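Number of protein chains: 2
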Amino acid sequence: MDAALTSYLDAHAEEAQELLTRLCRQPSVAAQNLGMAEMADLVESLLQEAGFRTQRLLTEGAPPAIYGEQRGQSDFTLLLYNHYDVQPAEPLALWHSPPFEPTIREGKFYARGAADNKGEIAARLAAIRALRAVYGTLPITLRWIIEGEEEIGSPHFAAIAQQYASLLQADGGLWEGAGFDSTGRPELHLGTKGLLYVQLDVRCLGIDAHSGAAPILPSAAGRLVQVLSALRTPEGRVRIPGFYDTVRPPSEAERAALADQPDREAELRAAYQVERFVDGLTGVALRERYAFAPTCNIAGLGSGYTGEGVKTVLPASAMAKIDFRLVPEQDPQDILTKLQQYLQSEGFDDVQVTVLGMAEPVVTPIDHPFVQRVATIAES
Amino acid sequence: MDAALTSYLDAHAEEAQELLTRLCRQPSVAAQNLGMAEMADLVESLLQEAGFRTQRLLTEGAPPAIYGEQRGQSDFTLLLYNHYDVQPAEPLALWHSPPFEPTIREGKFYARGAADNKGEIAARLAAIRALRAVYGTLPITLRWIIEGEEEIGSPHFAAIAQQYASLLQADGGLWEGAGFDSTGRPELHLGTKGLLYVQLDVRCLGIDAHSGAAPILPSAAGRLVQVLSALRTPEGRVRIPGFYDTVRPPSEAERAALADQPDREAELRAAYQVERFVDGLTGVALRERYAFAPTCNIAGLGSGYTGEGVKTVLPASAMAKIDFRLVPEQDPQDILTKLQQYLQSEGFDDVQVTVLGMAEPVVTPIDHPFVQRVATIAES
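So the protein sequences, as listed, match chains A and B.
Numbering-wise, the first sequence is residues 1 to 380 according to my numbering.
Numbering-wise, the second sequence is residues 1001 to 1380 according to my numbering.
These are computed hints drawn from the structure, not numbers from a lab.
This structure is a prediction, so every number in the text was calculated from the model and none was measured.
There may be inaccurate statements among the hints.
Said to hold, decoys possible - EDC-like cross-link-like pairs, simulated, lysine to aspartate or glutamate; straight-line CA separation at most 20 angstroms:
#, chain 1, residue 1, chain 2, residue 2
1, B, K1311, B, E1329
2, A, K311, A, E329
3, B, K1311, A, D208
4, B, K1338, B, E1308
5, A, K338, A, D349
6, B, K1338, B, D1208
7, A, K338, A, D245
8, B, K1338, B, D1350
9, B, K1311, B, E1151
10, A, K311, B, E1120
11, B, K1108, B, D1201
12, B, K1311, A, D201
13, A, K311, A, D208
14, A, K311, B, D1208
15, B, K1311, A, D349
16, B, K1311, A, E150
17, B, K1338, B, D1349
18, A, K311, B, D1350
19, A, K311, B, E1014
20, A, K108, A, D201
Stated by the list, open to error - Derived list of chain A stretches under chain B, where covered just means 3 residues or more per stretch with a C-beta under 8 angstroms from a C-beta of chain B:
#, stretch
21, 8-18
22, 77-83
23, 114-121
24, 149-163
25, 232-245
A virtual CB, placed ideally from N, CA and C, is assigned to each residue, including glycine.
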C-alpha cells in the first residue's frame, strides 16, 4: 500500500472507529423488525457521504436494499455485497455490555454486528474515504448493494437481484467472508454448493400398532430403511441413476489450488473426533472429495418411540430428511426429477417427497482473471 | 350349572357386590405405594373367610403376594393368579364419581379396579363361597396367588415364583384375561410370545457436523440403515443366521384351532387402515403368521434433526429400538448371542447393543387335557 494512503488511514483511525460506532449503535434486527427503517436511512446517508449516488431497491415485504454507484478512474466495475441487519441480541443477560452500546474492553470493540457485518461496511467505507481523500477519486468503478435480510436467510434477495439485474452488472463481485488458513494466508471462496433438501415420508398404517401385530402388519420404519439403502451406498455414494451425469471434474488449476492448501486433516480429526475419513481418503484426494463431491446426506431420521427404555410399538409412519449438496453443473430441479423417477422405478411409489429447500450451485472459475487479480491483491 | 348353585348365586348377589365394594373401596396403587399394606390384609382375610389356608409370599422390596390353598374333593389342583394393585386414578378431574368410592350409575358399577382386577377376585370369591355353601367343599383343590405389582410390570414376580415354586405346583393355571371373539365365543389364550428388546446405537463422530462436511465424514444414520437392512428383509423376515432354528411349526391341533377362528381381516384392516397384510397373507395363513411367527420389529428410529423444516446437519449418532417377539423354543439369551455374532461377522462391530428387555416364550399345548377341560367348561 502506498505511503500516502497508509498515513491517511493512520491519521483517520478514530474517524473509522466512529463510523463503526454509528453503525453498531443503531439496532437493526431483521427477525424482530427492530430499527430497520432507521438503519436503511443511516446506510444510505453514509454511502452518500462517501461519494455514492444511491437508490433504494424495493420489493414487496422487504426492508429496502441500499444501492450505491460511484464511478472511478477505470471502467473496471466491482460489485460489493453487504448486509445491514444483525441477529437478535437475546439472551441479553449474557452480554457484558449492552449489545447496541459499543464498548471497548482490552483493546477490543464489542457490539452486536461489529463482526457481522457492520465492521465490514465500516472498513470498506473507511477505505473508500481514504482513496478519495488521497487520490480525489476511486481507481475503479464501484457498485454496492447492502440488503437488510441476510440474517433471516435473504428471503427477498433473489427477487431484488432479478428486478434490478442491470444495476448489479459488474466485472466481478465480492462478499466479505472467508478467513485465514492455518498458515495465515487469506482464503478466497469461489462459490457455494447447490442444495436439494427433501423430506421423505412413509406411512403404512393409519395408527401405530402394538408390536404384537408385527408378523402381519407392514412396517413403515422397515420400508424407510429400504428406501434409504436404495438411495446411497454404505460409503455415501448416490445410487440415483444419472445423479453424477453433469458433475464436472475439477480443472487443472483447481487441482493445483487443492494441492496448495495446507493439511487440515489432524485439525478435522480432532474437531469431529473421527479416526478415518470416508473411503480412507487422505491428502489431496480428501480435499478434492470435500470440495468437489455432491452428497446425499441423511440429516434426520424419525419413527416410533425414541425415548428412554422400552415401548413395544409398530410405528405407523417413518420420516427421513435428506440434503443433497450439488456441484456444477447439477440442477436441483433435475436431481429432484431423477430422485422421483428412481423411487417410482424401484417400486417406492408410496414414499411422499416434500421439497424443503432448493438452491443452484455457483462457482467462479479459479482461472478467471478477476479471481487471479483478487488473489494477487490478497497476497500482496 | 346346576340349579342349587344358580339359586344360591341369585340369592347372594348382593353379598357378591358387597365383596367387590370392599375390595374397590381400599386404594391399592402400587406406583404410588398407596394403601398396599391395608390391601394385602384385606385380601388375606377375604381368602381366609372363603376357607383358604393363607401365607404371605415375601421378597425384598415388594408388597406381599397373598397365597391361599384349599383342598377339594379331588386331587386335581388348579392354580389361580390375580393381582390386587390398580393403576393410579389420576387425572381425578375426569372421574364422574371418586375412584375409591364405588358408585352405581345406570346399573353399572364404577370404581378404580372394578374391572382390572378386583372384579375378577370378587367373582372368584363369590363362586368359591357358593360352591362351599351348596356342596360343603370345593370339587377340586385350589391354589391361589394374588400379587401386588402387576400394574407396574410385576418386577418381583419372577423372584417370588422361583422362591415359592413348590407352592405353585398345579395341574393347570388360570389367569383372568382374554374376552369373547366376534361371534361371542370365549377366547382362551394359551401363552405369550417371548421378548428380546434391544437398543442399537451407532456413533461415527464426537459431535454433529454441518452437512457441508458430508463428502468426507462417516454417517451414523447411513450406517444404521445398513445395519437394519442386514437385520431384516423388506417384508420383515429376520436375516440373523440361526434365528429360526428352534422355531417349532404349529401342531395339527393348533392349525385346526386357527381354522376355527372367526375371520378378523376386515376388522384389522379397518382398525389399522391398512389394505394389505405382509406378504399378501390372508385366511388361515394370515392367522398362523400372526400367532406363530417370531419378529424383528423396528419400534423406534432416531437420528439428527426431525423437527419442522430444514437443518443441514450430519448427525454424529443414530439409534434404533428393536423388539424381537420370540416363539417356542426360541431362547432370548441365545437370540441375543446370535445377533451379536451376526453384527460382528458383518463388520458392524461398532454397533452398541443394549438389552432393554427379555422374556421367555411360554405356551400351553392346545391338546393338553387341561386346555381341553377349560375349553369344554367355557363352551358349556
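Hint by hint, which ones does the structure fall short of?
When the structure is compared with the hints, numbers 1, 2, 3, 4, 6, 9, 10, 11, 14, 15, 18, 19, 20, 21, 22, 23 and 24 turn out to be violated.
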